[in-house]
Amino acid sequence: MLSRIDLTPASRPFLLPDETLLFVQNAVGLYEGKYKIPNYQNGSAYLTSHRACYVDDEDPRKFSIAVELKDVDRMEYYAGFLKSSPKITLHLKPQNIANAAAAAASSPGNRSTVSTPKSATPLIRPTSPLPVSTGVWICPICSFSNPIPSNYILQVTPAGSVPPCLACGIRPSPGVLESSFQQPPPRPATTAATTTGDGDEATFACPRCTFLNHCWLRSCEICGEHLLSPDLPTEQLLEITRGESPAPTSMSRKSGQLVWENVEVVKFSFRAGGDKVFHERLKNALIQRKWLLQNAPPVPTPGQGSNGGTSNVVGIAGLERAGLNVRRKNEAAIGGAFEDLEALMGRAKEMVALAEEFSTRLSSTPTFANNEAKAALRNSAQALGIVTKDMLTSTTGSTSNDKASDLYLSELARQVAEFLADDARGILKREGGVITLVDLWAIYNRARGIELISPSDLEKAAGLFEKLKLPVRVRRFRSGLLVVQEARSSDVETVRRIMEWIAGPGWGSGVTAAQAAERFGWSIGVATEELEMAEERGALCREVGVEGVRFWRNWFVEGGGGGRV
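Numbering (full-length UniProt numbering), first residue to last: 1 to 565.
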């Protein structure tokens, strides 16, 4: 079932407690069946252990949805051809489709109507299914006209029960069948013919393809369009309109908005690669079915043995025995956690603590840093919800690598913004709303523990804050110092806060950079830059003395101070 999703301040999907991020890909569009969904054509796909999410790039708060993997019946993969991009199709389970169809049928606003001409004799609708000759569907592959079975009922009979095309063998989609029912029915009573000349048989010109059909035919031989007599009154001809082109079946006719409960097939279109990795990890997620563990009880731990027979040993022997017991517990935790996925999710906290301990050992002991240990740490980053480069498009070629690098930097920028905007950590609040990029790099890597980022990656990611419309932005001072602050903060607000602080009777009070740092929670470097910024704006002036530089309110520009200038 499709549903709206909650987003973080950095416009990323808010993950559930037991949900893990598997893959991220940008330049993705959504289809319903084979038709594009408006306003859902330029976004990012987030694959998690529970959902397949779409977050729009232009308006993520309004156009973002998720497909619950528990409601997916099957999936199909299309590799693309020529200008057609690769696509992954998700078919929802039949019981959800039946419930949605019943709800749509009971709602008067969602009933589809077919326009029919008025006549003196009322049209009697048969209660039995339509005969075979009353409807045809046009194959979108070979354009062959196929009859609709007599036992087919719209929105009730599954589309898979319809026989395939008689020419190419391709089964029709539900949208093609529904569009066929929207066509006006044939009229045998008002059949008239036009002659092309003396002695020639009467023919009909098809209103769609202009092919001249025999007068006895009721539908066009080429395109299958129903033929109408030109001798009908003008009022009836105006009311008979050609059926609209097929569109997403869940689109509301009045509001133009999608009714997500009625969606049967969702298709992800990958225009910048990543389809193969997405398909592989989606297949694994459907096999593992981690959503079944969401409400499961915790994994029971084996009972501890009685300590009555053991004696407390002190000294070196006691320390060795304590270390041996700790190692045995760690081995048991790792062995039990990696035995299956259920135990791993149940012991997530223990594994996170062990990962941090192993990361510290790797950094402090170079001889222990082997490839197997590093690979284990990379795998544990997935459990922590950290976006790594292996979660992105892994293709060859310089162009593909550049796209993967750009996607990694954008996701890193979103993660850093979430880290700074987290109220539980309060990073920006503790730093007075401004933090240097160097301090941010140290704090962020210390919080990650594993998969540390380089200073260059952090600088590139910080440059994308404003482009991605995140709640933080990068600011460069005149000296070249780079800081990160809230997006809504400005120099005018900073000057106002400084002026309110140093205001006092007479000349006021002079302040140093250390005093400003203590007052506002800034570092010494940030405090110096902010005071110099206020000096450039003419709000402050400096006094250079033996004790250092002290900043005062600039009475030379303002005047006053009891008549002293």
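None of these hints come from the bench; they were simulated from the model.
Any given hint could be a false lead.
[Said to hold, decoys possible] In silico DSS-like links for lysine-lysine, alpha-carbon gap of 27 Å or less:
id : residue 1 : residue 2
1  : K329      : K87
2  : K429      : K34
3  : K276      : K329
4  : K34       : K93
5  : K329      : K93
6  : K36       : K93
7  : K62       : K34
8  : K93       : K70
9  : K283      : K329
10 : K62       : K329
11 : K429      : K469
12 : K329      : K70
13 : K83       : K290
14 : K83       : K329
15 : K283      : K467
16 : K70       : K83
17 : K276      : K36
18 : K36       : K70
[Claimed, not checked] With beta-carbon atoms standing in for the labels, derived distance ranges:
id : residue 1 : residue 2 : range
19 : P164      : D422      : 49 to 57 Å
20 : V326      : K34       : 38 to 46 Å
21 : D422      : E500      : 44 to 52 Å
22 : R475      : S509      : 22 to 30 Å
23 : E58       : R430      : 32 to 40 Å
24 : L292      : I524      : 50 to 58 Å
Even for Gly, the Cβ is constructed at its ideal location relative to N, Cα and C.
Hint check:
1. K329 to K87: 47 Å, violated
2. K429 to K34: 49 Å, violated
3. K276 to K329: Since the Cα atoms of K276 and K329 sit roughly 40 Å apart, the hinted pair is violated (cutoff 27 Å).
4. K34 to K93: Distance ~18 Å between K34 and K93 Cα, so the pair holds.
5. K329 to K93: Distance ~44 Å between K329 and K93 Cα, so the pair is violated.
6. K36 to K93: 21 Å, holds
7. K62 to K34: Roughly 23 Å separates the two Cα atoms, so the pair holds.
8. K93 to K70: Status holds; Cα separation ~9 Å.
9. K283 to K329: Roughly 34 Å separates the two Cα atoms, so the pair is violated.
10. K62 to K329: Violated, at roughly 49 Å.
11. K429 to K469: 20 Å, holds
12. K329 to K70: 36 Å, violated
13. K83 to K290: 36 Å, violated
14. K83 to K329: Measuring from Cα to Cα gives roughly 57 Å; hence the hint is violated.
15. K283 to K467: 33 Å, violated
16. K70 to K83: 32 Å, violated
17. K276 to K36: Since the Cα atoms of K276 and K36 sit roughly 21 Å apart, the hinted pair holds (cutoff 27 Å).
18. K36 to K70: 24 Å, holds
19. P164 to D422: 49 to 57 Å: Once the Cβ atoms are compared, 55 Å apart, the range 49 to 57 Å for D422 and P164 holds.
20. V326 to K34: 38 to 46 Å: The hinted range 38 to 46 Å is violated for V326 and K34, with Cβ atoms some 59 Å apart.
21. D422 to E500: 44 to 52 Å: 29 Å, violated
22. R475 to S509: 22 to 30 Å: 27 Å, holds
23. E58 to R430: 32 to 40 Å: Between E58 and R430, where Cβ atoms are some 34 Å apart, the hint holds.
24. L292 to I524: 50 to 58 Å: 54 Å, holds
Checked against the numbered hints given earlier, the structure breaks hints 1, 2, 3, 5, 9, 10, 12, 13, 14, 15, 16, 20, 21 and satisfies all the rest.
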